[in-house]
Each structure stands twice: as C-alpha cells, then as structure tokens.
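Colleague: Sequences listed follow chains Z and C, in order. With my numbering as the guide, the letters of the first sequence map in order to residues 1 to 308. With my numbering as the guide, the letters of the second sequence map in order to residues 1001 to 1350.
The set of hints was computed from the structure by calculation and includes no laboratory data. Values in this document were obtained by computation on a predicted structure and should not be read as measured data. Even glycine gets a Cβ: it sits at the ideal position worked out from N, Cα and C. Each statement offered as a hint is correct.
In silico contact screen, one side only, chain Z against chain C (beta carbon under 7 Å); selected entries:
no., residue
1, G13
2, A16
3, P26
4, G41
5, G42
6, L82
7, L86
8, L88
9, F219
10, L241
11, S253
12, I256
13, S260
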Amino acid sequence: MSATRRGPAAAIGATAGLVYLFFYLPVFVLVLFSFNEARTGGRWTGFTTEWYARLADNDQIKSATLNSILIAVTATAIAVVLGTMLSLALDRHVFRGRRAAEQVVYLPVIAPEIVTGVALLAFFSLVLGRLNDLLGRSAADALRLGRPTVVIAHVAFCTAFVALVVRSSLRNLDPAVEEAAQDLGANPWTTFWRVTLPSIAPGVLGGALLSFTLSLDNFVITFFVAGPGATTLPIEVFGQLRRTISPEVNAISTLIFAASTLLLVGALAIQAGASKRRLRQFRQGDSPSGEAPLPDPQHSPQHTWEET
Amino acid sequence: MALVTSAQRQRRRIAALLTPGLTWIALAYIVPGALIVVYSLLTPKLGGGVIWELTGDAWDEITSKGRRSDADWGTLGSAAVRALAAAAIATLPLVAGARYLRRSARGALVVATALGGLAGINHLASSYNNYTAVFARSVVWSVWATAVCIGLALPLAVFISSRRSRITKNALLVAVMIPFWTSMLVRTFAIRFVLSNTGPLNNAIESLGLDRQVFLNTRFAVLLGLVYTALPFMVLPLYAAIERSDRAQMEAARDLGAKPPQVFLDVFVPLIRPGLTVGSVMVFVLSVSQYLVPTLLGGGKTNMIANLLDLQFGEAFNWPLGAAVATLFSLITILSLYFVVGRRDGADLL
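So that you can see chain Z by itself, here it is in the shape it has in the complex (with noise of 0.2 Å):
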C-alpha cells in the first residue's frame, strides 16, 4: 500500500492485473469470435459478419428481443413509482415499523433467485387454477403463465432495487429545503413536483435504468414464471446454447454486453454529471467539497444496501 515497499506494492498490482485479464479475456474471446467465418470450432478462419446478418433474420430471436423489451419498460414504469415512494417514505419519515418495512424492501436482494423462482412458479399456478375455477374457463382459453406474471415477478425485484438507488440520492438531498418550501405555502405535492422530483431525477433515472436492466438480464425467475407464451431473450439464447455452440449466439452474446455497458455507462454519466452540479453547488455555500464525481461507491447502486 505505502510507495516505500516495493515488493507487495508489486505483487498488489500483477493480481490487479491477472484480476483484469480475468474479467475480460474470456469476455473478448466471445466476443471475437462472433466475427470468425467457421460455423464451428474455436480456431480463427477469417473475418465475417454473416452471423450478425442472420440474427437480422432469426424471428424467434427477434421476438424474444421484443417481449423483453416489452416486459421491461412495462416493469420499470411501475417499479420506478412504487419504488420511489418507498424510498420517500423510508427516507422522509419516522414512523413504528420502519425497520421491517425496510426488510420486506431488502427481501429482493437477499433471496436467492432460484427459491424466488419456483416459490412465484408455485404461487401463479395456485392463483391461475383458481381464477380459471372461478371463471369456468375450458383448458382451452385457461389462463396461464406468460407476459404478465413475468411483469409481476419483475417489478417486485425491480421496486426494491429502485427504492435503494433513489434512497441513496434522497440522502444527499437537504430535508430543510424541502421544508423551506412548505414554510412558503407549498402542499407536500407541490413540493414533491418541484423540490424534490427535481433535485432527485439523476437518481430517479439511475434506478430505472439499473431496473431495465435488471428486468432485461434476469434469467432464473424469469426461467420458472415465463411460461412458453412469453420466452424472453435471455430463455432464448439458454435455450440455443445448450442445443448448440454456433456463432449465432456469440453474436448475440456481444449485442446483449454492449447493450448492458451503454446502459451502465449512461447511468454512470447521468451521475456524474449530477454530482459535479452538486458539487458546483457546494462550492458556493460553506458545505466541505471535493465530494468524489464519477461512480461515487456511495451513490452507486450496488453499495446501496450496505449503506444504511
């Protein structure tokens, strides 16, 4: 750690580096080879984009894209509201029973996936029986597991995750601006709309972001509540590689990595760019600056639950 020992500072930097070389080589590889011309085989022929070409024309591919898309931009409009409110309820207030409201909330993160998944699997095919009894409907036009059950199984894992991020920045929000407004006349909706929505947004933003995201990436719960109605893209892919190693699914790998990078790098950006206006801020008034820009741990989202 200290400049004056050299050889750990040494062995620090070459695990750093191997660390690196770990994250990203086989990541590359993938990605490489989504470009080589064999159908088959991890031994480079020559440079291609034929793979690409064909995903254009695979429909299974493009509607599973389309459904998870679908599912969700449906989730996080809901997850972005109900988790914003519950991060203006446990961040705004006191009140009996905040610490177990707090860990229904963190129940998402904790869980494992795969008991969530065949928990909710069991749960839908119960309320789906009953309702298709209580309708009379013929095992012909049944109920059944497809697009909204995946949309309720997401927004649930989505709200919590929401409710962290904007938690996170209502913290950096000073309470007494807030309650400045009010001392001016403005209804708590008023103020709402026009202090603290406003100061909020980046992480607002942020957490629909990071919950389109995780809404588009999940795989286990989605796997058990899905159905075959509503295959998303990442059940389609899993279901594509375990038939077969072809390029076409290392094409498609590399579009889902950059998608999730540009997602993360705008989320990022959308940060940065909100921290450096608050630190702007701080400047001018008498509050202690030279708070971190960029991806602040403390305002990202993923060290969000170790923070309160």
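With chain Z's structure known, arrange chain C on it following the hints.
Modeller: Frame of chain Z; chain C shown alone:
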C-alpha cells in the same frame, strides 16, 4: 386538536407511500415463500402441481438415509470424522470467544475450526443421501468460491484504492462494474465457450503441441464459473470499506513497531471487516443458489441445489419434494446469514 389531525394526515401519507410497494414485494416474496412451506407437506400431482392432502413423504425422502450410504455410514473412519466434526462445531464458539488470544490468532483458529467442521459435515452429508450430498457440495463449493474471491478481490481493491488520480480510480472501478452489471448468462456462456472441447483454449493448447483437455463438465469449470460470476460482488464492497477505513491507524501501528503481517491481520482486516462481511455474504448467497454455472459448466443433472429444484419442478414434477428442498435451503441460508453475519455486522449489512 389541529395537532392530532396533522399527525393523522402524516400517518395516512406514510401509509399511502408504503402500501403499494410493500404489498407488491410481499405478494411476490412472502406469500409464495409461505406457500412453498405448505406445498412441502402436500401430495404430488402428476404433471406438476399438488393435491391438497397432507403427507410427510417429501420430508421423509429428504431426511431418510439413502440406500447407497450403508457402506460408508457405519465404518470406523466415518465415526472418526463424525467425532471430529462434532468436536469442531463444539469448540467453535469457545475459540471465537477466547478473549485472551490475540485477534489474529483467534481469527486463524476460527477459520481453521470452521473449515474442519465443514469438511467433516461434508464427508457425512455426501454419504448420507443424494439430497444432503447436493446440499453439502453446493455449500462447500460456495465456501471455496468465496475464499478465492477474497484472495483475488482484496489485492484488486487495495490496488484501485491506492491510485492517486481520481480518473484512474474511476476508470478502474467502471471496469469492475461492467462485469457486475452485465448479464450472468452471457458471462457464463463466455466461460463455456472458451473452455469447450473444440474451443479457443483447447486450440491454443493444441497449437503448443500439447493434447486437448476436457475442461467443461468438471469441478474445475464450475468453481471457475462461480468465481468468475461472483468476483465483482466482492471487489466493490471491499473497495468501499478500504476507502472508508482510517489509514492513520495502520501508520500508527507501523510506527509503533508492528510488523507487516501484524498490521495486516490486527489493524487492516478489522478495519475492512464490514466490507469483507458484505462481500462474503453476497458471493456465498449468489454462489450457493447458482443455476446457470452448474448447468452450463457442470453438465449432469443434480450438481447443485438449483439443479435439484429445477429437476423437481421442471422435469420430475414432484413439487412437494422440490418445495421441501427449497424450504430447507431457505432455512439454511437464513440461519447461516444470521450466524455468520451476526448482530454487529448485520447492522452494517441492513
């Protein structure tokens, strides 16, 4: 009077903010969780689902001794392992509470006793029945994955945190966040592709004049996959803990004559303990419930707990048996979270 109304209004506002989100999460997590416990006591229906008749069959199946276990269960060696495991578990609290030992010595003893106990339990569970064998394998692999992740993540976190320039730090952090953020499926597939029998790694080996190796569907591949997918979950909490720790304490220890290993074990490790706990819990919980890694890299049908659940719910259609496995799994997860994290670090976690 006006005060009461305002308090009431406040309470109503809080309820209005909380109810929709909490109801949704409870409906998707708590109600199905309770339902799973009930399902474990019902009769399986052919083709999936349950018949609402109480029976203890599923629990009998999980808890009764397997047919194959007879050879191993009663032997002298097995009895010795059992005694050792019991001794390890019994001494663990004593060791952990031994105040007269130095902190580093106590830590080493706790780890050693825990590993000894784990090895004993693993030996016994592997020979008891198929279910305990899968549970034991999942837990042992996840403990290994957690240990390897700590070993790799700690130097990396220290490296990032010791960079002088903000920009370098942020760039290095983003490089950890990208794998943290991207699809688990894609990352697992990347490993599968690289390791496959005709894949790039084997081609590289062959071009060196060596024989092709079978990497896929081995224990090595699963462990590699577990570490690969979980590693970012260790790096980020450790980094946060290091950034927050008070470096002056380490310098003080050094100035007072502590040797580097002492500074590391007695000052540095206690300082970053919250990060270690959070990271370990996340890596362990993620690994022990992994589905994609054992499925895509391990081959076979009942590698880890998730495969067992998939089998019972998706193919064998014995939902009560799957529900019993899920119940037992959740119980073990909750208990180990409670004991491992404890009260003090639990406060940091939640």
